[in-house]
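Here the protein sequences line up with chains A and B, keeping their order. Position in the first sequence (first residue = 1) + 81 = the working numbering. Position in the second sequence (first residue = 1) + 171 = the working numbering.
There may be inaccurate statements among the hints.
[As the list claims (entries may be wrong)] Coverage of chain B stretches by chain A, computed from C-beta distances (three or more under 8 Å per stretch; other residues unrestricted): (1) 214–227; (2) 272–278.
[Claimed, not checked] Going by beta-carbon spacing under 7 Å, a handful of chain B positions derived as facing chain A: (3) Leu245; (4) Lys248; (5) Arg249; (6) Val253; (7) Pro255; (8) Gly257; (9) Gly259; (10) Leu261; (11) Arg263.
These are calculated hints, taken from the structure and not from any lab test. Glycine is no exception: its CB is placed at the ideal position from the N, C-alpha and C atoms.
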Amino acid sequence: MADVARPASLAAQVLVIARLRWTIFRNRLRQRNAAIELIGLLITGLFSALFILGTGAGIAVGAYFIAAKNRLDLLGFLFWGIFLAWHLFPVMMSSFTVQFDFRSLLRFSLSLPAFYILSVAYGLADPAALGSLFWCFCLLGGVGFARPELLPAATLVVAVFAAMNVVLDRMIGVWLERLLAQRRTREALVALFILAMVGLQFSGMIGERWGPRLFSRGQAMLPYLRGLPPSLAGTALEAAAKSHPAILFASTAGLAGYGVLFGYFLWRRLRAQYRGEELSESRAPGKSVSVAKRPAEAAGTPSAIAAWLPGPVAAMAEKELRYLVRNSITLMNLFVPPLVSVFLAYQFGHLSRIAARPAPAPAPSQFLFPGLIGYILLLVTAPAYNCFAYDGRGIQTYLVVPVRFKEILLGKNLATGLVLAFEALLTGTLLGFLIGLPPFTVLMATLSGVVFVTLIQLTVGNLTSLYYPRRLEFGQLRNQRASGITVLVLLGMQFALILVISGVFLLTRWLAGLWATFALFLALSAGAAGIYRVVLEKCSAIAVAQREVLSEKLCR
Amino acid sequence: MNTPAIVTEKLSRRFGELVAVDRMDLAVEGGQFFGFLGPNGAGKSTTIKMLTGLLAPSSGRMRLLGLDFETNPLEVKRQIGVVPEGLGLLDRLTGAEYLRFVAQMYGLDRRTAAQRAGELLEFMQLADRPKSVIADYSHGMQKKLALAAAVIHGPKILFLDEPFEGVDALAAGALKAMLQRMTARGVTIFLTSHVLEIVERLCSHVAIIHKGRLVAQGSLEELRAGIAASSALAGRDVSADGEKLTLEQIFVSIVGEEGGRRPMEELSWLM
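Only chain A is shown next, with the shape it has when bound in the complex (with noise of 0.2 Å):
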């Protein structure tokens, strides 16, 4: 008679888990490249380091002034700080957490509370998590050492505080995702992005109508707000030093109540996972389409982008072309740039108006729209340092087709060209419309800069790429990252290429005009140019060579 296993405590699940963790992270180090992989996973857990103990350092000093002078209700503000940089730095911090798909461990014997309180330690073992509860423990001590006598009801509000987060980044986190799996719902947030977009247009034209209007009314939202989580601890604490323990009381279980409410879509979303929901990119196959194309019409038709250019080159673009439209991430960032545009163009082109009365002041754009273009190139161009991340195992067609690297990645680079053009002019069609259009030398120089960027990131993107492969989720937004030295590389050129951009701006502004510095961007496009071809024909043999760590990585 063969044994029955007992089902494991949660206790000893959760310590297993922990094990699980630190055994993928140890073995991962243990890898090749793991040297470096690790001293670049060092220097950015050092600068993310400083700035979590920098800021913490700030909150207490800040929370131990306002306790001391018994402004309380400023701890309001505090409190929103920690709770905004905890729900948005998770995407930013995500560079240096351990890979982990949760949903593997629903194979296991695991209860449906087993598998959400797991969820739950899962999600504080985020490193943005940790740091802002790391900030938490600042603001309780600030508050604690200038008024010790508030430090029970202190203690008990932060608990409550830190707990309604952990449960809120969680569901965050599997809604999230829940939401972009799906073409349908992509597609549905993408239009409420343009949206958004083109409602921003007239938000001018509204504001000079209606906006003082609007503005009080505004004000008049403000208490409201006081009911929201970081408002709600704020206002116990201040409760607290007042001696008014019903508000205190009252102002905790509306925190602990969010806390439920947060926790309860957790649960939801969770019971559908543990239920068996496979989150696919398309819909379950409901009926099969008939079949009664003839063979050519059952392939489809491919794109025009495959009718001008050479065989493989075109495939490959218009590969790429079609991976960036079906990642929700990839394809979100593509209306950030045209978003962030109006937003900007509103925004400096009211303050230039009113700036304009007395004395006339140069045009927004001319500042505008380099700076635009500047932030396009970097949201852009980044995934250009690990192109290979979506191909997962379909590295081996790349191997074992008779295709150079080269063309391959000359593929790459030109759908990352496009994509860059598509969106500059973009851009720039907005903000010609919103504020107009920059000066001639100014276009020229912004453009001839944009050349000799472009073709610097995409030379170097090619080596990191074949160098320092990484494979990721098509579609997934957390714990999705480049390798540590990809990372540290991808920073490291866009301080450098700032720095030079800057310089060159400066020097030939004030020196020469920028005529002068259109040719001089021009001068180091042709060198990057040449750096660029010489580079990429030297990519076929490093492929070849790195064929097996490639292979390792990606095929994982």
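Dock chain B against chain A, hints included.
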């Protein structure tokens, strides 16, 4: 005299201390349906990866259709088709998009690529989900698509790593018929499979690898004769019922002799 399809000379591959493939001398003639067998971890996939350019040999040489892989990688790749171990699909494309992509990578023009992709989708019974991306296909469907991609350019050698695993019986029958027609037309098929009945039914020649070393190679008849002769010398009768030895018996006999340590037969908590 015909050029052999695949020839390896002292082909080796090491992973640190581990010798995955040890000085392998393999010869496969053109038009053969060649089965490459071995227990788990014997070095089958490593060999296929080297022969298809996915892995660099540590030492030794390999020639495909008379071409040295090291010096003519693109020409060799043009002549071969591969279904690799992990299938190697770009899983966010639809089946049709992927097949057209692969065809273009092999240099086919757009019209031919679309024509062949359509035919293959029909043949593999994958044409009824034109909008589904590959990630939403079942494993068997993905395998059929990988096979379709491997033959879209009309290769002269086809490398198949476990091609029938997860494929339904109906599709497997059509695939086997297609592969047999291909060998009849001179295409060499190099196949690994753990299902020895399939190998026995399809393959004319077989090689067995064990612990990285090639321990047997030849036609099924040659292997049977070899086993019978060595058994007679040892005074054993490997075919007790007097019938022809099956490939499974040949495999167990060869790998068992080479294997040394016998696997455990019982687990303490299942007794």
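Numbers of unmet hints, in rising order: none
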